[in-house]
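Student: Protein sequences, first through last, are from chains R and S.
For the first sequence, the numbering used here assigns the number 266 to the last residue and increments by one with no breaks.
For the second sequence, the numbering used here assigns the number 1294 to the last residue and increments by one with no breaks.
One or more hints might be untrue.
Within a straight-line C-alpha distance of at most 16 Å, the following computed EDC-like cross-link-like pairs (lysine to aspartate or glutamate) qualify [unchecked claim]:
hint, chain 1, residue 1, chain 2, residue 2
1, R, 88, S, 1194
2, S, 1210, R, 71
3, R, 88, S, 1192
4, R, 7, R, 106
5, R, 88, S, 1190
Label pairs and their calculated CB-CB ranges [to be verified]:
hint, chain 1, residue 1, chain 2, residue 2, range
6, S, 1225, R, 21, 36 to 42 Å
7, R, 179, S, 1208, 37 to 43 Å
8, R, 64, S, 1222, 40 to 46 Å
9, R, 12, S, 1225, 57 to 63 Å
10, S, 1135, R, 33, 53 to 59 Å
11, R, 156, S, 1154, 56 to 62 Å
12, S, 1139, R, 179, 53 to 59 Å
13, R, 77, S, 1150, 29 to 35 Å
14, S, 1041, R, 141, 37 to 43 Å
15, S, 1192, R, 62, 16 to 22 Å
16, S, 1135, R, 179, 50 to 56 Å
Don't read these hints as lab results, they were simulated from the structure.
Beta carbons: idealized from backbone N, C-alpha and C, even for Gly.
As a plain string of letters, each chain reads:
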Amino acid sequence: MSSSAPKLCVADVSMTFKTPTGAFHALAPVTLSIPQGRFVSLIGPSGCGKSTIFNIIAGLLEPTGGRVLIDGIDATGTIGRVGYMLQKDLLLLWRTVLDNVILGMEIQHVPLRAARERALPLLHRYGLAGFEYLYPNALSGGMRQRAALLRTLLFDTDVILLDEPFGALDAQTKLKMQEWLMQLWSDFSKTVLFVTHDVEESIYLSDEVHVMGTRPGRIIATIPIPLARPRVRGSVLSGEFLAIKERCLELLHLDTTASQAVNEAA
Amino acid sequence: MTAQDTTPALRARAMASLHRAQAPHQSGAPAGKPVRRLPVQKDWPIWALVAAQIGILLGALSLWEIGARTGWIDAFFWSQPSAIAETMTVFFTTGDAWTDISFTFRSTIIGFLIGTTAGSLLGLSFWWSRNYAAVVQPYVICLESIPKLALAPLIILVFGIGLVSKVAVATALTLVVSTLTAYAGVKALDPDGEKLFYSLGASRLQVFRKLVVPFCLPWIISVLRVNIGLALTGAIVGEFIASQHGLGRAILYAGQTYDIALVWVAVLVLSTLAIVMYAAVSWVESMLRKGVRQ
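Just chain R, same shape as in the assembly (with noise of 0.2 Å):
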């Protein structure tokens, strides 16, 4: 592919569902387009549909209107096409790490002998070594996030999408997270796709932030991080960071004060 060619697109993606009490608007016409290799988040309150747009394009649930383009190819409600990796861990109890993590590559018909040898190495440089035959309920929680994240790489697709993996983690193993995070997104040059809740992470993580507002979900304003890599952890109290932080925090603002106004007024 020519490299100017964004590696997804997101065409005018909209989502409307039937509800009891009639239709209700998800999604407004929302489009994105990632290049190869970027990090890219999108924060925003809940129910402002970032998880429906994962499932659109993870192929979950086919859209009302638009299309999902990988590589330029119409990727619309096709699965398999993109690593996704939910909140939850969602590791199998009755494997062990290892079995866990080549997962993809198993639903993919790869030799369970060659996955386990091409998982093996990786795990134990991305801080897994020790763990690999033991089974998910003595791992922590950020051992499991690390297990479940490896999974969705070892997928082997070029997009990823995070749906909050480290929103259920405390603030110090979530810090760590994030540099192990960082560590496997330069190593494996992948396309990412993140969601959070929180707006810190978000920009500390990406070269561009989408911020998105309510009823119907859609995109507000599209902020780019012009922050030097590798970044550090005192970049967060850099004058810089802290704009791009409060010009976040007021969109969202706005946001959220607009939508109790409708709601007040109906």
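Fit chain S to the supplied structure of chain R, relying on the hints for placement.
Tutor: Quick look at chain S alone, frame taken from chain R:
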């Protein structure tokens, strides 16, 4: 008089305990509150427990025997331990003991295997189609609410008085339990788990084999012990109604001929068989649990 005598003594004792309570730490319990310690039960050693258990058994048997001999207990209706022991020897040496045991054992095990396997498969099959599950569900619930044992006479009529009819009753009892339990497992499946599999490009068969079946296995395993008991009940009831062999038939026959000692013998043998099968299934269950890790 007594009140005058005791009051100062009581007061003195109360003061003393107050001092004791307050002495180690100044800000202790409020004055007047009794000092109480955690009641501790001391465990008996194993041999003492076993000795007590055997003692109770021997005591009850001796009372029974003595009662029967002195005429205090009617030995015609209740029989007596010595007669039961004698009948037991006869039952095993010249009687049909092994034929009966083997007959009941076979019908129980075969019914258990068929009922559990078919029921689990039926329950799992509800995962494949929501529409199919919705259509079939009322029938399964009906089948559950029917007292299956009430159908036993019909089953005997259809399948004859041989082994097959006992297997059929045992199957009828176990099948529904396994179906409902496997279906409960299917319903407890996290939809996000399926989402994960489909996002990895899985086919429905792959989701079934790699997610649904292993997830539901603990459910299926959990009813094995219940089912072995139900299968035995089914086999015995089948034998009660019409049979040529089996421990159930032996009990019925002995009762009808007032051979009360033989009733006791057959019940004892049946209980032993039940305990052995229960223990075996528990062992299988623990092995399987280790295998599926949940």
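Student: Take the hints in turn and mark each one as holding or not.
Tutor: Each hint tested on the structure:
1. The suggested pairing of residue 88 (chain R) with residue 1194 (chain S) holds, with an alpha-carbon distance near 13 Å, which does not exceed 16 Å.
2. A C-alpha spacing of about 31 Å is found between residue 1210 (chain S) and residue 71 (chain R), which places the hinted pair above 16 Å, so the restraint is violated.
3. With a CA separation close to 8 Å, the supplied pair residue 88 (chain R) and residue 1192 (chain S) stays within the 16 Å bound.
4. The straight-line distance between the Cα atoms of residue 7 (chain R) and residue 106 (chain R) is roughly 25 Å, outside the 16 Å bound, and the hint therefore fails.
5. The hinted pair formed by residue 88 (chain R) and residue 1190 (chain S) meets the criterion: a straight-line CA distance of about 11 Å does not exceed 16 Å.
6. Checked against the given bound of 36 to 42 Å, the beta carbons of residue 1225 (chain S) and residue 21 (chain R), roughly 48 Å apart, lie outside it.
7. With their beta carbons about 39 Å apart, residue 179 (chain R) and residue 1208 (chain S) fall inside the hinted range of 37 to 43 Å.
8. For the pair residue 64 (chain R) and residue 1222 (chain S), the beta carbons lie near 43 Å from each other, so the given range of 40 to 46 Å is met.
9. Between residue 12 (chain R) and residue 1225 (chain S) the beta carbons are some 58 Å apart, a value that agrees with the proposed interval 57 to 63 Å.
10. Range check, residue 1135 (chain S) to residue 33 (chain R): about 46 Å between beta-carbon atoms, so the 53 to 59 Å window is missed.
11. A hinted range of 56 to 62 Å for the beta carbons of residue 156 (chain R) and residue 1154 (chain S) is consistent with their spacing of about 59 Å.
12. Checked against the hint of 53 to 59 Å, the C-beta distance between residue 1139 (chain S) and residue 179 (chain R) comes to roughly 57 Å, which is consistent with it.
13. Look at residue 77 (chain R) against residue 1150 (chain S): about 52 Å separates their beta carbons, and that is not inside 29 to 35 Å.
14. Distance hint for residue 1041 (chain S) and residue 141 (chain R): a CB-CB separation of about 39 Å, consistent with the stated range 37 to 43 Å.
15. The given range of 16 to 22 Å is respected by residue 1192 (chain S) and residue 62 (chain R), whose C-beta atoms sit roughly 19 Å from each other.
16. Between residue 1135 (chain S) and residue 179 (chain R) the beta carbons are some 53 Å apart, a value that agrees with the proposed interval 50 to 56 Å.
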